[in-house]
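*Asks:* Based on the hints, put chain X with the ligands in the right spot on chain U.
Protein chains: 2
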Amino acid sequence: MNAKGRVTLPIEQGMDDQLPGILSRLGADAVRNSDGTWLPEITAQLGVKVYETYFPARGQQDFALANPDARPRFYLMSERVAAPATGPLSIDIMKGYYKLQVEPDQGNLRRWWEVIDRTTGEVVPVDGWTVEGEGVDVTVTVAEPVPFHVYTVNFLAWQVWDSTQMYNYITNNWWDDESRVREIGYDARHPVAWEFMKSSLRAWCEERPEVDVVRFTTFFYHFTLVFNDLGKEKYVDWFGYSTSVNPLAMEAFEQEYGYQLRAEDFVDQGFYNSSFRVPSKVFRDWIEFTTRFVCSRVKELVDIVHEFGKEALMFLGDNWMGTEPYGELFASTGIDGVVGSVGSSATCRMISDIPGVKFTEGRFLPHFFPDVFRPGGDPLAEANESWLLARRAIARKPLDRIGYGGYLSLAVQFPDFMARVEQICDEFRSIHDEGQGRRPQDAPIRVAILNAWGRKRTWMTHMVAHALWYKQIYSYLGVIEALAGLPFDLKFISFDDARDGRLADFDVVLNVGAAETAFSGGSEWLDESLAVALRRFVHEGGGLIGIGEPTAVLANGAYFQLSDVLGVDKELGISLSTDRYPVEQPQHFITADLDDAAKVDVGEGAGDIFAVNDDTQILRLTDKSVDLATRETGNGRAVYVAGLPYSFDNARLLHRAIYWAAGREADFDAHWVPSDPGVEIAVFPEAGKAFVMNNRTDATSTTVSGRAKGLADGGDLTALTLDLEPMESRWIDLA
Amino acid sequence: MNAKGRVTLPIEQGMDDQLPGILSRLGADAVRNSDGTWLPEITAQLGVKVYETYFPARGQQDFALANPDARPRFYLMSERVAAPATGPLSIDIMKGYYKLQVEPDQGNLRRWWEVIDRTTGEVVPVDGWTVEGEGVDVTVTVAEPVPFHVYTVNFLAWQVWDSTQMYNYITNNWWDDESRVREIGYDARHPVAWEFMKSSLRAWCEERPEVDVVRFTTFFYHFTLVFNDLGKEKYVDWFGYSTSVNPLAMEAFEQEYGYQLRAEDFVDQGFYNSSFRVPSKVFRDWIEFTTRFVCSRVKELVDIVHEFGKEALMFLGDNWMGTEPYGELFASTGIDGVVGSVGSSATCRMISDIPGVKFTEGRFLPHFFPDVFRPGGDPLAEANESWLLARRAIARKPLDRIGYGGYLSLAVQFPDFMARVEQICDEFRSIHDEGQGRRPQDAPIRVAILNAWGRKRTWMTHMVAHALWYKQIYSYLGVIEALAGLPFDLKFISFDDARDGRLADFDVVLNVGAAETAFSGGSEWLDESLAVALRRFVHEGGGLIGIGEPTAVLANGAYFQLSDVLGVDKELGISLSTDRYPVEQPQHFITADLDDAAKVDVGEGAGDIFAVNDDTQILRLTDKSVDLATRETGNGRAVYVAGLPYSFDNARLLHRAIYWAAGREADFDAHWVPSDPGVEIAVFPEAGKAFVMNNRTDATSTTVSGRAKGLADGGDLTALTLDLEPMESRWIDLA
Ligand SMILES: [Mg+2]
Ligand SMILES: [Mg+2]
Ligand SMILES: [Mg+2]
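Chains U and X are the protein sequences, given in the same order.
So in the UniProt record's numbering, spot 82 of the first sequence is number 82, and the numbers just go up one at a time.
So in the UniProt record's numbering, spot 44 of the second sequence is number 44, and the numbers just go up one at a time.
This is chain U alone, in the form it adopts within the complex (with noise of 0.2 Å):
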């Protein structure tokens, strides 16, 4: 294979002979360092492009010791401390927080500062609370509590240590290594620190003409992470936007918005609008001011990167918070790619399916560190489970490049591993070269997912911290991994936007979450006029997925309201006295695929799920709770689905789901679709061929049958049998 490009690769030192071999054998076309590793100095030589990383907010320490108020911020909730019968109640605010990580801000504390209630959610007046004790050591007094109440301090406090890099810190056990400082960030809200921002990056373009690609680790406030007095992770939230805020921007924010913000619009009841939390008016008005700050100061960056005739490169994570990478600015930044870590189908397609930039950029797994390559260690088996996950998702929206990340002089030492990476770089290339550039076909079913943050999370839903296992989350996960790889034109719209009339510009909709989430809804769902949307949707001819506790809120005798268009509600415990004859009645188009459709995994399930009446047909019942169910209401279909994690199999329901909620099954034999489960197919009508992908790690022989104009419906049925080796893709044609 010549093709050549679109790979990235770590290089280091002491490797210069090997170097030119590598890089042609992988066709890799641009290089970067590491964390501890630097380019040697043949990289000039060899022809490829040089990444190197940048850290706007961090990493020049005298500049922070010096300013100490340019110091980033966040607001921060105390525990709940129960009020004595008698006398005053104290509260030691710093309890359960890390000492090194923050410190009370007592800067004009009673404008900013809040001490609540809790059992009654009022604010104490304040007046009525004093505050003693100075730097880690605080102590907030409530002179006359109510007896038994339970009270809460907000307070905002400093950063005094950047969260990734005390992260990183702790980790590595640096705490002997005195080379290594605590470092800490700085503000691009503070004047001068932004001055000094755009200056230190004006001097380390000019010091390195050596580099093509600036990456950015990335810009100003990273997601919330917060640590506990032990030095461990006490709240994560990848999405959260708590250390975005100071005084400075919250009163530029009550000037535009013409409302002043309170220390608990950030705190949240110690929720800290998570986004699991169904956003507040005043989070979302934060989001938007914090974004269009945060934009508007990353094009200045980015400005600067191009007057050196550099790119600018982001990375998709750390201080990423106001990018919103989906949301309307993030394209007037001028920022020219985008990279991130690819731990699945979905954060693949997050990454690639981010509008408005020149190039997307996935680093795969796994990462060249000792860990995993080590005698014993099978970087192999990772390399393959990770492609396995990324190409499904590549092969619907192609990352414009990959790349890794590491040692690579660990990496030479699995000869193996290398030549699989070798197979992956081709068969990665081959999917711009054989598909000309163009996306698959997808469905003729335009598909939404639903819920309160559409557009703006859009691949982002049921996630705390990028791609770790919960066992709250799973369920609904697998729902947008399957999607990630399937042939659907999928959004991601909001409620507002159902609202709004959206609706109409799709086939299907999908409800997918816990209630009380963002992503089910919650008390979203208490405002009619959303149900009315859904409901004159599905009755006028569109299809409704509902997966776990959809459009579930409590009210006028149903959980989920949509009970009557789903076919199924929720037994509380509330309603026991009501009868129920449930039938199992499993065959159904959806399940035709499933070898034992009786097996269905629906991970945690959604608790006692019951049918509303007879006409909803229940296709798998397990203790007496429904798992699996269809309706038909006016024109439209609706399917209940109790959960759903990622296997080929749920894949394939939900794949079958759609086309039958939008009531296009009769296409279905004629799409293109593997007859086994694991296998997936992406057709490239134009080019007249398919991309057929074996996901599985062992040989399968399937059949597949479909027209030359792919999933439009002229010409003549081809049926084809198709033997596959393990994991191997082919490129078939369509005639």
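In case anyone wonders, no lab produced these hints; they're calculated from the structure.
Treat the hints with care, since some could be wrong.
Given that identical chains are not distinguished, each listed pair holds provided it fits within a single copy or across any two copies.
Unchecked claim - The calculated lysine-lysine pairs, modelled on BS3-like cross-linking and capped at a C-alpha distance of 30 Å, are:
#1 491 - 299
#2 198 - 95
#3 99 - 624
#4 624 - 471
#5 95 - 709
#6 599 - 624
#7 624 - 232
#8 709 - 397
*Replies:* Frame of chain U, contents of chain X with the ligands only:
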């Protein structure tokens, strides 16, 4: 054994020779007939009391047919139906109902019916809808519904078939039996019906000088029991008042309470005020109002019975609504006794604890019916199971009498069974004889179950219909079942009691149940005075035991409103960003008697429970979720258990948890608690004896230690080892 009495047997014709021997052998001093049997002529010479069943509100079909206006009514709700995009909406209100049971009552329907928009909760003005049809085919049309809103009709309906007789008729398939009519009831509110009820009873008593005890089955209003269009049970609530409603009553209510009742007050969004619902003020008023009416009329009937020198016995079931045996008015009826079916320890206590009656009687299982008394049937096993559960309850609070029902001629064909019944009767009487008429001593710990119902639902919590198993309740019913045989002075108290200072009367309070139910409390916990009363109680030294989802309602940053006291809260999926590091510390006083604390059975559990901080001791953790935890707060203590199905081990766990919560664990080993949780003891210090029960069906050996003064402090500690036969009970001397 010579002791006689306290036993009622069903007898029948054709056994004259055997009867005296059987009665003597079992010590029976009363006889009754059963459905389908008649007392033999010999009865008067048997020297025993004679019971006969009486139905005040049905059974006289001529009267019922002549007085259709006297038929009882109920409130029902139609299906939920969505309005179309344009035009009117027609609702077939009888869809899903049984036309042989239900006939819409169109009298003054503009006053008594309601059409409700269930999407908003708003009532449609009466001019906005019309009714077409008559009899059992009735359609309501909403002229201008809001498109895609969901509507229901609340309608008043005649009960055209008595619920219990319908149940028997359908169950026994009497359709082709021409001797059977479909019995219609009559309502005591109806003046003509009421006069008829009194005169009928008087005539009946006059005609039956041989009857000593009139067994009322029961009085006026049946518990809610509605059938579906296939003649199967559609809605059942053993505590439901839906059938006590009629316009006369509602008008009288309005006169007295000063406000108008609405159909929705009874329909309750389709939940029909199930006892699992947190009761509304209106529903509680209605219960009070109805109970005053029922009890005053019951008194008039009882007075008639007494006039004839007979006793009045009430069957606890069927038409028992408004008698409220644990209400203030029950004793004023003059009823002599209550008889009910014993299906468990808790249902036994539900009967035996009824205050203000001369005697209580338990009808034991198995019924002498052919379903059990057949070749291959095992009536002996059923008798043992029933007796073991009843015995531990009887040992705490004796029933005054026990009895059986059914066909004696069947039972005598099983000599082993009859021999066992003889033993059971003797064992039962020994509790009265040896206990010298006293209750056994309770532990010096005053215990309360706290819920929305309080005393009125003493032993009646978490039940849909008598002793039926539901997945959603068994994990809570186990608490009640355990307590029914444990040595505590237990009271059921309401949230109002707690707010009114009643907690001071107790050492340990339990809150048990699922979120949103009347038993956990749901929205009641939004009233801060309730949480404050409990928090004060614990801080000042009380013990709180929470089981399942105690104090749960999402507000002010907590789901369990007493999470600070219980030390745990529930993850709903909105606080996943908070890191948790739960550590199991299984060693604890409360699990000390369990072979393997790791195997504690929490039944259905309560979802994802987490410790709020490190001050909570987690005794058992499953999949990172807390099943069992303890915490000290202020001067008090709390215990959390995720669920507690009844078992010997769980009863012991609860026993110890109560001691620990009360701070009395140091006393435990001197309080006559057997080392084997399968053995229980009732201590009668005045008699100097204790009643030891082996609840196991196999032999066991157990140690036990205590003092001659029982559970008081005095006297030397005696330690015994007891070897017990399967199911054995034994009286031992304390000294
Ligand atoms: Mg629940
Ligand atoms: Mg009886
Ligand atoms: Mg949930």
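*Asks:* Does each hint fit the structure? Answer for all of them.
*Replies:* Hint-by-hint comparison with the structure:
Taking CA atoms no more than 30 Å apart as the test, residue 491 paired with residue 299 passes inside one copy only; the shortest distance there is 27 Å, against 70 Å between copies. For the identical chains of this complex, residue 198 and residue 95 are neighbours neither inside a copy (38 Å) nor across copies (73 Å), given an alpha-carbon limit of 30 Å. For a Cα distance limit of 30 Å, the shortest separation of residue 99 from residue 624 across copies, 28 Å, qualifies, whereas the shortest one inside one copy, 52 Å, does not. In this assembly of identical chains, the alpha carbons of residue 624 and residue 471 lie at most 30 Å apart whether taken from the same copy (23 Å) or from different copies (9 Å).
Taking CA atoms no more than 30 Å apart as the test, residue 95 paired with residue 709 passes in neither setting, with 66 Å inside one copy and 50 Å between copies. Taking the shortest Cα distances, residue 599 and residue 624 sit within 30 Å of each other both inside one copy (16 Å) and across copies (26 Å). Only between protomers do residue 624 and residue 232 lie at most 30 Å apart by alpha-carbon distance; the minimum there is 18 Å, versus 43 Å within a single protomer. Proximity of residue 709 and residue 397 under a CA criterion of 30 Å is satisfied intra-copy only: 20 Å inside one chain copy versus 82 Å between copies.
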